[in-house]
Amino acid sequence: MAIVERPTIYEGSRIPSPIPTVLRTPPDLEDTEDVLRVNFGPNHPSMHGVLRLIVDLAGERVVGTEAVIGYLHTGFEKTMEQKTWWKAITYPERIDYVGFQNDELVFVLAIEKLLGLDVPPKATWMRMLLCELNRIHSHLVFLGTGALELGAISMFWYCFRERDLILDLFELVTGVRMHTRYFQTGGLAEDIPPGFYAEARTFCDWMPKAIDDYEHLIGRNEIWLERTQGVGLLSADDAIALGQSGPVLRASGVDWDLRKDQPYLAYDEVDFDIPVYANGDVYDRYRVRIDEMRQSVRIVEQCLDRLEEMKDEPWITDDRKVVLPPRHELHTSMESLIHHFKIVTEGYPVPEGEVYVAIESPRGEKGCYVVSDGGPRPWRVKFRAPSFVALEATATCMHDALVADLIAIVGSLDSVMGDTDR
Amino acid sequence: MTFESVPGVVERKEEHGETTLVVDPARLRDACLHLRDVEGFNFLADITPADYLGWGKRGVAGYYGTEQGRDLNAPSGLGASVASQAYARVPRPKTKRFSVNYHLLALRDGAPRVRVQVWIDDGEALESVVAVWPTADWHEREAWDMMGIRFTGHPNLRRILMEDDWEGHPLRKDYPIGGEPVRFSGEE
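Taken in order, these protein sequences are the chains called W and X.
Counting from 1, one number per residue, gives the positions in the first sequence under this note's numbering.
Counting from 1, one number per residue, gives the positions in the second sequence under this note's numbering.
To be clear, the hints were calculated from the coordinates, so they are not data collected in a lab.
Do not rely on the hints blindly, as some may be mistaken.
[Stated by the list, open to error] Computed cross-link-like contacts, DSBU-like style, restricted to lysine-lysine with a CA-CA straight-line distance of at most 30 Å:
id : chain 1 : residue 1 : chain 2 : residue 2
1  : W       : Lys342    : W       : Lys78
2  : X       : Lys94     : W       : Lys78
3  : X       : Lys13     : W       : Lys83
[Stated by the list, open to error] DEER-style ranges, computed between Cβ atoms:
id : chain 1 : residue 1 : chain 2 : residue 2 : range
4  : W       : Thr332    : X       : Thr2      : 54 to 60 Å
5  : W       : Ser17     : X       : Pro112    : 28 to 34 Å
6  : W       : Gly219    : X       : Asn156    : 38 to 44 Å
7  : W       : Ile274    : X       : Asn156    : 32 to 38 Å
8  : X       : Asn156    : W       : Val38     : 18 to 24 Å
Here a beta-carbon is modelled for each residue, glycine too, at the ideal position from N, C-alpha and C.
If we strip away everything but chain X, and leave its shape as in the complex, we get (with noise of 0.2 Å):
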């Protein structure tokens, strides 16, 4: 499949023997339409958003309790660390914060896959694929519990995982680790 016909498409990749098709934030729906109807991938098997919120920079994610607390999410090897083994080389920088990675297979012969991923920024909305493939309803409100993105079309964007007056989005690299306020404490 040479995917040339999608619309939106920015960028192409093959990597580990998986196509990922980098589609301009604008036009999702459109590309996912088209894949949809014309590719056959009539399957949408998970929708993903990736935090690279300090993606190779330190003192960003992952600290207990303080925020001055320990980074666990620098890769060692970056400044003055002490790791000798691990991280030969600075990951290549990525354009924007957010990726939100829709998997898509085709139920037939060969079960073509491929990865649909677009990139956008703290506050950016997504167009809701839950027109197209019904099953998105959970996938993208787990998205917008979990990172915060926004999915505009969807007709139920609840939180979903977490309490409905849940503060924060778990899964964003700034937010932190053991440091959720005590509901109740001794002092009151």
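Extracted from the complex, chain W is given alone in its bound form (with noise of 0.2 Å):
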């Protein structure tokens, strides 16, 4: 990790005291009439689903602030408990409904390092593109959410424009356009399907032109910078002490990316950049995304060119005590169909054991912490939700912050709430 030199953002620590995550109202300002309690949410439509945000109001400004979470809590972990570990596998990507295919990823990775599982080379770098267009997905519903709440509207159309390219491709992969259950344990559910990578590469010849749209819509639009530049600071310490990961993190100055710093999948195998922000703002946290979506790109091409070289290597394992046997083969062989009817009706038993599996996902760093007793279900999985995480900045952020700026902070630290909630 390196901090990078710039300007203190601000001096000292801005986290409030005793409760970290509740900005109290002053003293002095409490129970005068100058001060107006709001209740903001849970349903409004820029608080990004169902956050509510008790703010108190002095004129403009934000004196006082607590976010009041779980609205969309639906007990996703307990469910996960009643399934099998095969079936529960579709449960994660409901959780981040934005960043699904991450959110898959770190539970099938944790279920293979449970079992030690090696997973062949094509389905790792297949994860590795889908992961990424998730990425350049997940940003575009921020951007374009984001500058839609700041009243900018076209950048909506045109982010869903490119958000529809991205859906297009994981339909034609996987067959549906979100909450694929493209990752199975030991590797990918089917082969990749003939056309795939030309269409892919069409939409990597385009996407950087998209970039450049966006940024000439509102990358030097007088209004964006004036109501995200130097708005809901957050400086380094506070960003780490505070749990804070992923562009957050990034926008705050800290040079910190798992994909960089604890490599998973094959991200040491490809060549691709950190974008690092110093000044602390919304505007950072929009620069940081802009640059993301730009690296994913490049990281989709060279995926690309390794997919292409390995047309005839297998997508998944060949552990028949894991993984189903392929389906002409239960018509001939009475083994295939006894493992078969197992895998579906019993599940696969998995080693006791704990682990805890962290990714970079497009919202920072999401873990899995998964117990297992020896049995085909999971006896315990909790989800480390950087959306829930970053949300306990919000306190922090709104230092000075006038009622506008709520806006614009809540939607910088880009919380999906089914993502807080579980």
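Two independent chains are provided; combine them into the complex using the hints.
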């Protein structure tokens, strides 16, 4: 980790005390008629789903904030304890429904770590490719909705135009546009369909031009700059203390990305840069994500280069105790039929143990802690949700903010409420 | 890293390439301060409690509707169950009911990680680490809400995901599935 040398964002710490996540209204203002308590959300168009903020306003100034979450709590972790391992794979992608492919990956990696499975290289590279496409998808949703909330409506149409192209690619590979369940323990669920590489290349040629478009639209737009620069400050030390990760941390000048610092899949074999900005404001969080999209396109291109060389290689491991046998064998082989039946009805046992796997999701460190008792169902699954942690920083970022900044700040933390509430 | 000077370490485990330090619950805060200030673990990634009620036994956890209902969490292969493929052996017993896991990360080259694990029984409290890592605030609230782990010294230990007046702690193994009370029914 290196902290980029720039003028300090602010002196000391702004984390509220004693409760780090609640900005208290100053005692001299409390109970005066100058303070208006406003309930923002949970159903409000600019609250990114069902986040609720209790905001104390003195005029236009925000003097107190508290985030209230839980409106989208669905008990995924409890439900997953009731499912066999391979049925549970469908759940993580519904947790962070924007960064779905990365969530699926972290759970599958955790199962594979407990099982000690080796994954064929074709599957590894395809996983990386889809995760990077998904990162672009996630950042497009951030950019589109974030700009929409600040009044730049056209950004929304442009971003969702490219988002649709990505979802088309997902549909081509997996048959579904979101929540693909394409990653299987041991590899991929199916082989990569013909025609995908060409389509993906077309997208890679197009995407950098689209990013140029976005930057032309708002990059030098006076209103956009006024509303994002110097707003929602978060210093590097505060960001680390508050557990921030991903683009929020990198916008505060901390050069930290698990893809580089703790490489998983084959990220150590591709060439890409980590964008880092040092002003710690909403504008830099936007810049980091714009640059990350460009880097993701680079990674996708390198994945395509490698995948095209692996034409006839296996896409899933050959461990029949874990992986379903090929469909055609079920008609001719008794052994395959038994294995198929066992895996579908009982599930496969995963050795006793506990693991924590972390990856760099579009929102930061996505962790998965899994305990197995040696049976066919997870004993405990817990996701370290970057959106949950990001919202802990709202009170710190809200220092000296106006009510209009509040929208920009919450948008820039890029929380997905499904991920926050699980 | 040897972790020899960490206070209160009861056991050190190396599994799947991950280091776990089992720490005496009474010295949790000392151990955390030491890990942060001396060993440089400046980043608390996560706090995860796990409930081991019924670990390796039958008839405890996960029932639909009735308590006598089917037992989804008992691993097949134990007792009268017909499983042939699953569950080679009974899992190692746990000494206490809950484990609470603190996943720490040091933001420096090599990204070293360590898991601090404490074991407690129902009703025992842990010392809060909010003063060590402010991010622990919501993680500890979630642990209280979902598992009923109490943290002394936490400035704001309220429910976070469930409603304020919710009864019970949903991620405990003895919490019924599909059996929650209905607020309004036709009889009233």
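* Do the alpha carbons of lysine 94(X) and lysine 78(W) lie within 30 Å of each other, as the hint requires? -> Holds - the C-alpha atoms of lysine 78(W) and lysine 94(X) are around 21 Å apart, at most 30 Å.
* Range hint 18 to 24 Å: satisfied by the CB atoms of asparagine 156(X) and valine 38(W)? -> The hinted range 18 to 24 Å holds for asparagine 156(X) and valine 38(W), with Cβ atoms some 21 Å apart.
* 30 Å limit on alpha-carbon distance, applied to hinted pair lysine 342(W) and lysine 78(W) -> 24 Å, holds
* May I ask you to test the hint 54 to 60 Å on the CB atoms belonging to threonine 332(W) and threonine 2(X)? => 57 Å, holds
* Can the suggested window of 32 to 38 Å be confirmed for the beta-carbon pair isoleucine 274(W) and asparagine 156(X)? -> For asparagine 156(X) against isoleucine 274(W), whose Cβ atoms are near 35 Å apart, the range 32 to 38 Å holds.
* With 38 to 44 Å as the target window, see if glycine 219(W) and asparagine 156(X) comply at their CB atoms. => Holds, at about 40 Å.
* Asked: In this structure, is the beta-carbon distance linking serine 17(W) and proline 112(X) contained in 28 to 34 Å?
  -> At roughly 29 Å between Cβ atoms, proline 112(X) and serine 17(W) fall inside 28 to 34 Å, so the hint holds.
* Asked: Taking 30 Å as the top limit, are the C-alpha atoms of lysine 13(X) and lysine 83(W) close enough?
  -> 29 Å, holds
Hint check: no violations occur; every hint is consistent with the structure.
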